[in-house]
Amino acid sequence: MRLPDKVVERALLLLALSSVAVLASIAFFIVREGAPLIYRVGLSNFFSTDWHPTAGRFGILFMLVGSLAVTVGALALGVPLGISCAIVLGEMAPPRARRILKPAIEILAGIPSVVYGFMGIVVVLPWIREHLGGPGASGLAAAVILGIMILPTIIAISLDALEAVPMSYRDGSLAMGATEWQTVRRVVLPAARSGIVAAVILGTGRAVGETMAVVMVAGNAVQLPHSPLDPLRTLTANLALEMGYATGDHRAALFATGIVLFLIVLSLNGAAGLARRRRRPRPRPRRTASVAGVPASERIPPSPVSDP
Amino acid sequence: MADVPRAAKLRTDGLNVHYGDFHALKNVTAVIGERRLTALIGPSGCGKSTFLRVFNRMNDRVAGCRVEGIVELDGQPLYRRGVDIEALRRQVGMVFQRPNPFPLSIFENVVFGPRIHALAAGAELEAVAERCLGAVGLWDDLKDRLDDSALTITPEQMQRLCIARAIAVEPDVLLMDEPCSSLDPIATLRIESLMRELSHRYTILVVTHNMQQAARISDDTGFLLLGELVELGPTATVFTRPRDRRTEDYVTGGFG
Ligand SMILES: Nc1ncnc2c1ncn2[C@@H]1O[C@H](COP(=O)(O)OP(=O)(O)OP(=O)(O)O)[C@@H](O)[C@H]1O
Ligand SMILES: [Mg+2]
Numbered sequence: 001m002r003l004p005d006k007v008v009e010r011a012l013l014l015l016a017l018s019s020v021a022v023l024a025s026i027a028f029f030i031v032r033e034g035a036p037l038i039y040r041v042g043l044s045n046f047f048s049t050d051w052h053p054t055a056g057r058f059g060i061l062f063m064l065v066g067s068l069a070v071t072v073g074a075l076a077l078g079v080p081l082g083i084s085c086a087i088v089l090g091e092m093a094p095p096r097a098r099r100i101l102k103p104a105i106e107i108l109a110g111i112p113s114v115v116y117g118f119m120g121i122v123v124v125l126p127w128i129r130e131h132l133g134g135p136g137a138s139g140l141a142a143a144v145i146l147g148i149m150i151l152p153t154i155i156a157i158s159l160d161a162l163e164a165v166p167m168s169y170r171d172g173s174l175a176m177g178a179t180e181w182q183t184v185r186r187v188v189l190p191a192a193r194s195g196i197v198a199a200v201i202l203g204t205g206r207a208v209g210e211t212m213a214v215v216m217v218a219g220n221a222v223q224l225p226h227s228p229l230d231p232l233r234t235l236t237a238n239l240a241l242e243m244g245y246a247t248g249d250h251r252a253a254l255f256a257t258g259i260v261l262f263l264i265v266l267s268l269n270g271a272a273g274l275a276r277r278r279r280r281p282r283p284r285p286r287r288t289a290s291v292a293g294v295p296a297s298e299r300i301p302p303s304p305v306s307d308p
Numbered sequence: 309m310a311d312v313p314r315a316a317k318l319r320t321d322g323l324n325v326h327y328g329d330f331h332a333l334k335n336v337t338a339v340i341g342e343r344r345l346t347a348l349i350g351p352s353g354c355g356k357s358t359f360l361r362v363f364n365r366m367n368d369r370v371a372g373c374r375v376e377g378i379v380e381l382d383g384q385p386l387y388r389r390g391v392d393i394e395a396l397r398r399q400v401g402m403v404f405q406r407p408n409p410f411p412l413s414i415f416e417n418v419v420f421g422p423r424i425h426a427l428a429a430g431a432e433l434e435a436v437a438e439r440c441l442g443a444v445g446l447w448d449d450l451k452d453r454l455d456d457s458a459l460t461i462t463p464e465q466m467q468r469l470c471i472a473r474a475i476a477v478e479p480d481v482l483l484m485d486e487p488c489s490s491l492d493p494i495a496t497l498r499i500e501s502l503m504r505e506l507s508h509r510y511t512i513l514v515v516t517h518n519m520q521q522a523a524r525i526s527d528d529t530g531f532l533l534l535g536e537l538v539e540l541g542p543t544a545t546v547f548t549r550p551r552d553r554r555t556e557d558y559v560t561g562g563f564g
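Respectively, the protein sequence lines represent chains F and L.
The first sequence maps to residues 1 to 308 in our numbering.
The second sequence maps to residues 309 to 564 in our numbering.
Simulated from the structure, these hints should not be mistaken for laboratory data.
Fair warning: there could be bad hints in the mix.
To be verified - Distance ranges between label pairs, derived from CB positions:
#1 460(L) - 68(F): 37 to 47 Å
#2 460(L) - 241(F): 30 to 40 Å
#3 103(F) - 448(L): 51 to 61 Å
#4 110(F) - 439(L): 53 to 63 Å
#5 250(F) - 456(L): 51 to 61 Å
#6 110(F) - 493(L): 51 to 61 Å
#7 12(F) - 352(L): 39 to 49 Å
#8 133(F) - 435(L): 57 to 67 Å
#9 371(L) - 103(F): 14 to 24 Å
#10 43(F) - 435(L): 49 to 59 Å
Note that CB positions come from ideal geometry on N, CA and C, so glycine has one too.
Work out the full structure, taking the sequences as your base and the hints as a guide.
Right under this line is the structure:
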């Protein structure tokens with residue numbers, strides 16, 4: 001049975017390598033198409049506010065600001081909500097509720113973004129128009145939709161981080177007379193911090209990269225938004241809207257925008273990886289809260305203490 | 309019991325504990341003397357940890373666990389509606405089998421209890437840290453490393469730190485569940501002498517798998533077998549003239 005193992009191993013390695021190769025060729029392609037344009041117009045022009053592709057002026061600053069504003073707004077909504085949900089699910093809800101809600105949240109992550117955009121058009125835009133004014137389609141609308149869209153990412157990864165915190169920390173804290181909430185705030189959250197930071201960073205990456213839902217609700221005007229109620233255009237929306245008909249330098253400028261997005265998302269993922277690696281709590285068996293199970297900590301035979 | 313010490317700190321009468329259908333402690337009647345070091349011995353799975361956790365109500369955390377019968381601290385029932393569990397656990401501290409310092413700094417570990425119970429603040433906390441680390445023999449070693457993570461010290465230091473953390477809220481009782489079982493023999497001996505020292509100030513109930521350890525350090529010894537408290541009395545008596553045949557078998561078997 002040695003040979004088949006080897007064969008499978010090789011095949012898997014080949015598959016893994018080919019996915020890396022695909023990724024590398026995408027990166028290479030984007031850079032080849034976009035980099036010469038940045039070089040030609042110069043960085044200061046490329047990051048200017050002047051986006052007139054027909055006149056050969058390719059400044060992406062308004063779109064960069066748009067992406068930034070929408071992302072910050074989405075985080076302001078999604079991070080507190082997502083982390084709170086993770087705490088309630090992981091630390092307070094009975095295990096049965098967790099078993100039902102966790103998969104439900106994972107399903108939320110699988111809903112196509114066009115559906116979120118549709119909900120935005122049907123629910124969020126009219127609400128903003130009626131209660132807050134403005135055209136409805138706006139940075140605020142995009143931030144709200146994105147804030148909801150990043151919830152599954154933030155909840156799921158934060159929940160994993162909370163679940164990785166050894167039960168012995170909670171036992172130690174509760175045995176000191178700490179309340180459940182003090183235990184969460186003073187022991188569990190600090191222990192899970194790096195994982196939660198990773199969750200936020202990955203959520204950020206998702207918000208920056210999301211396209212369809214944003215195109216549907218943001219209004220897409222190329223301008224500096226002066227209030228959350230103003231329409232704005234993000235980098236991704238710009239790509240999606242103009243790629244269909246762009247040619248020549250215009251097309252190259254969109255690829256150059258792709259480089260910027262690629263770099264942002266890449267560095268966010270890198271940062272998330274770093275955050276996860278740092279100060280990870282030592283993995284210990286988590287005491288299963290199940291009725292039948294003997295606590296994991298009790299199942300481990302005591303290490304023999306040889307007598308002097 | 310014949311040899312019961314005068315001042316009872318902890319007392320149980322007709323204590324029964326069930327995990328679901330499993331009868332883990334059977335009709336246990338015991339008196340734990342104040343400021344005495346009481347060791348609990350018995351084979352694996354006989355209910356020693358369960359018995360210990362009755363006194364700080366940590367069994368409440370186990371789904372399906374039921375505690376019935378009289379359990380008292382200083383004559384006050386612990387399992388009555390309205391008992392303040394946080395206050396109880398402040399009075400009855402616990403040290404676990406595996407050292408479990410929090411992933412915080414050494415300083416924050418020691419002052420954890422005083423902070424959450426609002427016993428001290430600001431500069432007082434520094435004093436608490438010095439006093440408690442001093443009491444467990446860590447101050448000289450760690451006084452320059454108070455802001456280092458508590459996960460960077462040796463297992464023995466971790467267990468001492470956990471003891472320091474437990475005594476920082478000035479409890480009356482310390483429950484210790486095999487506090488030396490993850491330490492090497494030398495560290496074990498040193499923690500034992502620390503426990504002896506502490507027994508002058510605290511009522512200590514310690515579970516041990518190691519009969520020599522019980523004989524070395526305890527004033528009283530209790531022998532649990534299959535959920536039953538077979539015998540509880542002065543250590544010398546339990547080890548040399550046990551009243552119950554089963555105790556004698558266990559004690560001599562363990563030595564032989
Ligand atoms: N959460 C639980 N659910 C079901 N049964 C349990 C649970 N915790 C303990 N038990 C059972 O209760 C009995 C007593 O357990 P306990 O942990 O008190 O024993 P112990 O004397 O401390 O054992 P050890 O020496 O191995 O630590 C064991 O038979 C164990 O299987
Ligand atoms: Mg035990």
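Outcome of the hint check:
1. 460(L) - 68(F): 37 to 47 Å: For residue 68(F) against residue 460(L), whose Cβ atoms are near 39 Å apart, the range 37 to 47 Å holds.
2. 460(L) - 241(F): 30 to 40 Å: 54 Å, violated
3. 103(F) - 448(L): 51 to 61 Å: 53 Å, holds
4. 110(F) - 439(L): 53 to 63 Å: 56 Å, holds
5. 250(F) - 456(L): 51 to 61 Å: 57 Å, holds
6. 110(F) - 493(L): 51 to 61 Å: Given about 56 Å between the Cβ atoms, the range holds.
7. 12(F) - 352(L): 39 to 49 Å: Given about 43 Å between the Cβ atoms, the range holds.
8. 133(F) - 435(L): 57 to 67 Å: This hint holds: roughly 59 Å between Cβ atoms.
9. 371(L) - 103(F): 14 to 24 Å: Check passed, 22 Å falls within 14 to 24 Å.
10. 43(F) - 435(L): 49 to 59 Å: 58 Å, holds
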